[in-house]
Amino acid sequence: MIVEIAQAVEFLSRLVSNRVDTDTVSRFKQNLTNVLHARFDGHWDTQRPYSGNAYRAISSFNGVLDPVLVE
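Residues in the sequence shown are numbered from 1 upward in steps of one, following full-length UniProt numbering.
Note that these hints are calculated values from the structure, not bench results.
Here are the computed lysine to aspartate or glutamate pairs in the EDC-like style, where the Cα-Cα straight-line distance is at most 16 Å:
hint : residue 1 : residue 2
1    : K29       : E71
2    : K29       : E4
3    : K29       : E10
Kindly generate the complete structure, drawing on both the sequences and the hints.
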């Protein structure tokens, strides 16, 4: 779970890095990492990784951001 969260945070940070300053990106990365760890704790079964993947999905449709990104 730790590796997957780190990769997701890096990917999403790269998407916003050209729109905001470096300090904001750093805070975003730290906050998102904390939020994702708290949200996914207890929702990650290494024996059945696809179980619960809908709960772990982060989405953005029609300009509406996933609440985890707004936190």
